[in-house]
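Student: Please model the entire structure based on the sequences and the hints provided.
Number of protein chains: 2
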Amino acid sequence: MKYSKLFGKTLKETPKDASLDSHKLLYQAGFIRESTAGRYYLLPLGLRVHQRMQTIIKEEMDRAGAQEMITPVLHPLPLWQETNRDKATGFGLLKITDRRDNAFVLGGTAEEMIIDVVRKFQISYKDLPFNVYQFSLKFRDELRARGGLLRLREFVMKDGYSFHVSEDDFKKEYQNMWDTYKRIYDRMELDTIVVAADNGDIGGDYAHEFQVITDAGEDTIFYVPSKDLYFNKEIAPTQAPSFDQTGEKKQPMQEVLGKGIIGVQALADYLHIPVEVTTKTILFETEKGEVIAAALRGEYDIDETKLKRIVGAQSLTLITPEKIKELTGAEVGYAGIINLPKSVRIVMDDSMKGRINFEMGANKTDHHNINVNFGTDLEEPEKFYDFKETKAGDLYPETGEKYEVFKGVEVGNIFQLGYHYSKKMEDAIFIDESGQEKPYYMGCYGIGLARTLATIVEVSHDERGIIWPESVAPYQVYLVSIRANDRADEVYKQLQDAGVAVLYDERDDVSPGAKFADADLIGIPVRLVVSPKTGEQVEWKNRAEKDSEIITFAEVLKRLKK
Amino acid sequence: MKYSKLFGKTLKETPKDASLDSHKLLYQAGFIRESTAGRYYLLPLGLRVHQRMQTIIKEEMDRAGAQEMITPVLHPLPLWQETNRDKATGFGLLKITDRRDNAFVLGGTAEEMIIDVVRKFQISYKDLPFNVYQFSLKFRDELRARGGLLRLREFVMKDGYSFHVSEDDFKKEYQNMWDTYKRIYDRMELDTIVVAADNGDIGGDYAHEFQVITDAGEDTIFYVPSKDLYFNKEIAPTQAPSFDQTGEKKQPMQEVLGKGIIGVQALADYLHIPVEVTTKTILFETEKGEVIAAALRGEYDIDETKLKRIVGAQSLTLITPEKIKELTGAEVGYAGIINLPKSVRIVMDDSMKGRINFEMGANKTDHHNINVNFGTDLEEPEKFYDFKETKAGDLYPETGEKYEVFKGVEVGNIFQLGYHYSKKMEDAIFIDESGQEKPYYMGCYGIGLARTLATIVEVSHDERGIIWPESVAPYQVYLVSIRANDRADEVYKQLQDAGVAVLYDERDDVSPGAKFADADLIGIPVRLVVSPKTGEQVEWKNRAEKDSEIITFAEVLKRLKK
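Those sequence lines, one after another, are chains V and Y.
Number 377 in my numbering belongs to position 377 of the first sequence; there are no gaps in the numbering.
Positions in the second sequence are counted from 1; adding 1000 to them yields my numbering.
Be aware that one or more of the hints could be misleading.
To be verified - Calculated cross-link-like contacts (lysine to aspartate or glutamate; reagent style EDC-like; alpha-carbon spacing at most 20 Å): (1) V:K5 <-> Y:D1432; (2) Y:K1012 <-> V:D127; (3) V:K95 <-> Y:D1101; (4) V:K95 <-> Y:D1098; (5) Y:K1095 <-> V:E142; (6) V:K9 <-> Y:D1427; (7) Y:K1002 <-> V:E142; (8) V:K87 <-> V:E426; (9) V:K5 <-> Y:D1169.
Unchecked claim - Quick look at which bits of chain Y chain V covers, simulated, 3 or more residues with Cβ under 8 Å: (10) 1110-1123; (11) 1229-1237; (12) 1245-1258; (13) 1420-1433; (14) 1437-1447.
To be verified - Going by beta-carbon spacing under 8 Å, a handful of chain V positions derived as facing chain Y: (15) M69; (16) D98; (17) N102; (18) L257.
Simulated from the structure, these hints should not be mistaken for lab results.
Beta carbons: idealized from backbone N, C-alpha and C, even for Gly.
Tutor: The following block contains the structure:
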């Protein structure tokens, strides 16, 4: 490809408001352009990288025994209604009705679609296990796009779905996909860590994310060094560092005024107590109408994902001020767990454990209790739970060691689904050896290609531009001619004849310096220069290295073919 | 791939109401399943064919100098409003609004999107010409789907767009794409004819369709043997065979009763005159409010595409019965062109020419005139036009020879767009050599992949199943083992090692006859059989031929590698 003919040239300017390096560099280097927020054009250079990534993923998925197919992206709405996912909010589902009044969802993931095609076949235990996958457009009506490709509203996802006779059989495939993902990211030269995560709107009991550590990430990851274990913040089990009250003696409980104080820190200041002895009590209602009072140490927030699992709820909503008044007798802001009606289920976080003389809302408008103690003022629960949002400084409960904390980008995920879908959808069954109909056991596996592409740029660039790994680079070689010369044209032709993918910068109205700057910005792994000075030889420079060398063309070919 | 592991097995049944061979065979052979009407799953076998077709198209487009990129499929509605195409009805545009109230169109074609990305760059004459293309999902809310892949509501299209400094430069690319399409279809072993066609909702002045002749087609094609020219019915110039009135003498015009007679044939019978002397007069209103009275020989229908061009209208609507009454003084059904108000523009089709003693509505309810003659009863127009729907039996005006008529499937098209878009959209310009801004001259080029796939099946099958051309077959070889045997496993492994794509039918609970039937149904070009009888050799049979032969494995490899 001659650079002068390439559609999508480099620019000095960065997009307005761009904050992410990948966004700036992919824009400047001519890989992407925004259509509307979260929807991007992939220009020829960008698409070439995307396609090479797709090829790597396909090769490894095929090698793992999975089979590629494809579903429509307009999913019939009734399918999503079968699993109740039409009401899931996390995806920001886009719905559309055609002129014959058929309603569709623009696919966010395709569990229902794949099950719908599988149930068109009468499958038996002999057909299991199998794993089918696709590269297809996914739509997420995200409230917020980030700029660049890290969080898109429309993107190609590799999504795979596996079907099994049993959990044991599934576990083998889960490991198989885990290993496959590792190979995929290794081939892309991406260091990934495998992080235990929540299943979210996908459903199922457990899941793992492949995360790349970078400050550009939106996920917070907690690491246990002694166990080499990673948790996504949303499910990291946590123990609050204990608050030292050595030497303190239990005091009698006392009701004090604290009118209009907002926030635990303000309350602690006002009452002249450490924030660690304040208490937050939050009242929720489950989808079944049960009221939950959840209490935890004041400086923590509630992790609703954890709390839902503990109380076995599908959803939790904060109860209304009217209902708070009815249950506690007080306005919002003064709830505590002493003297709540018996109908309220009380759960306490383990950050409550071991404290003495703590504060708590008095269930009386404008009033707080201080010097509250288990045993004397309220019963110590049989069991404390962990439903706090994990934060830096927290301990891993099992070993008591302090977590290390990173930011990461989730580039892929694998989910156990179990019977989550097959028990909800009709005919999601196979015939077992005894001729009985049984639901199948499932897993699913996703990789977002554009986000992974941007992540590669986040972790592989310098101040001059992108540094593409060879395996996904848009071209193998960036060939520069200094002063238009026949020798450069000849090298271009010879490289093409040898099957080398070359971007040939033959512009005659651009300085060598500008060409080198473009080469660095675009980030193709090898830069070759042919100039009057190089004679019959060629200058070779790796993008990631500083020095260049003059070598023979034969040596160039040898290195490129290695 | 082992057949027992393949997702998507063969079936004896055909889909309910399937009438097209491609629909039946692709379903039975396990290539496709319907999601909802017009939206299909491509199962692993189907997707493999689709991908091989995509590779052929990509290779030829790249060879022709075009560059692949990709646009989002949700197109911002304001872009379609710039060109007024949001109101085009032909596509059945689907529109959607996200939760931030941004409106989008689900892309039908991508002219506006491509121009929108091009105008983000300041391009000059030096950047021109270029041709960018994509493989992307297209959505058409068709009122009617046909079953199978011939007319889909969601499908992958290769759509390309070229940009030029001038019409002359464009013409070279038009020819380049014409030749490229020929190469693409040749590689797919599809015989195509190139048919002059209407630009329809795409816009522009001329276009050609690549059509495959088959009775499964929905298009009617008119062929001029002496000129080797093909026209789509919608734009075929036509001349009605003249009606022989030799010996007849002009008669005086006479008004006759003809109450409640519906249709020209009924009228002809009722009046005891040949249908060829009846006249249809239809009144339309243009988008500018001009009223057109179009008259033609009774047995013809009006081709609105032709008529629009003749009168220079964007749209034509039949005028209301009230307006007919106002203009003609009569109820609907009795309009003629004698004594119409001067404000009505009269156009006559050349089928009117040369007739004497013809019939025409009398502009009086329940009445017709017979024995109407030019000169005496109405003025003969200076010019007759051709705005009739071409039909079998018609003549090519230039040579007067009778058309040959076929049915065809349009598998691709190329369009001159000229300035159609660049004059409507802001900043659709380039900087010319003198530094002036100028609109660019455009063309566009489309291929629907799934329809082409189905067309291959329509023209390449027999009563036993599909016969895939080698270039797009899902596998090169269908290997059958007769009675499970190690030798077959070995041949499977050796073929794989040699890089041959093999579908291995190793099922041990299926008869040889059933395996052969599946091989024929699926239609892979070469069937190999390894049985106790073949010993160290292998039975080779081409799908398209009747006889098999026993050859050595070395010979198998030699033939496959040829």
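Student: Determine for every hint whether it applies to the structure shown.
Tutor: Status of each hint after checking the structure:
1. V:K5 <-> Y:D1432: The hint holds at about 17 Å.
2. Y:K1012 <-> V:D127: holds, 19 Å
3. V:K95 <-> Y:D1101: holds, 13 Å
4. V:K95 <-> Y:D1098: holds, 9 Å
5. Y:K1095 <-> V:E142: Distance of about 18 Å is within 20 Å: holds.
6. V:K9 <-> Y:D1427: Measuring from Cα to Cα gives roughly 18 Å; hence the hint holds.
7. Y:K1002 <-> V:E142: violated, 42 Å
8. V:K87 <-> V:E426: OK: K87 (chain V) and E426 (chain V) at ~19 Å, within 20 Å.
9. V:K5 <-> Y:D1169: holds, 16 Å
10. 1110-1123: holds (count 5)
11. 1229-1237: Coverage by chain V is violated here, the residue count being 0 at a Cβ distance below 8 Å.
12. 1245-1258: Violated - the region 1245-1258 of chain Y has 0 residues with a Cβ nearer than 8 Å to chain V, which falls short of three.
13. 1420-1433: Violated, because only 0 residues of the region 1420-1433 of chain Y bring their Cβ atoms closer than 8 Å to Cβ atoms of chain V.
14. 1437-1447: Violated - the region 1437-1447 of chain Y has 0 residues with a Cβ nearer than 8 Å to chain V, which falls short of three.
15. M69: holds, 5 Å
16. D98: With Cβ-Cβ at 5 Å, under 8 Å, it holds.
17. N102: holds, 7 Å
18. L257: violated, 44 Å
Hints 7, 11, 12, 13, 14, 18 from the earlier list are contradicted by this structure; the remaining hints agree with it.
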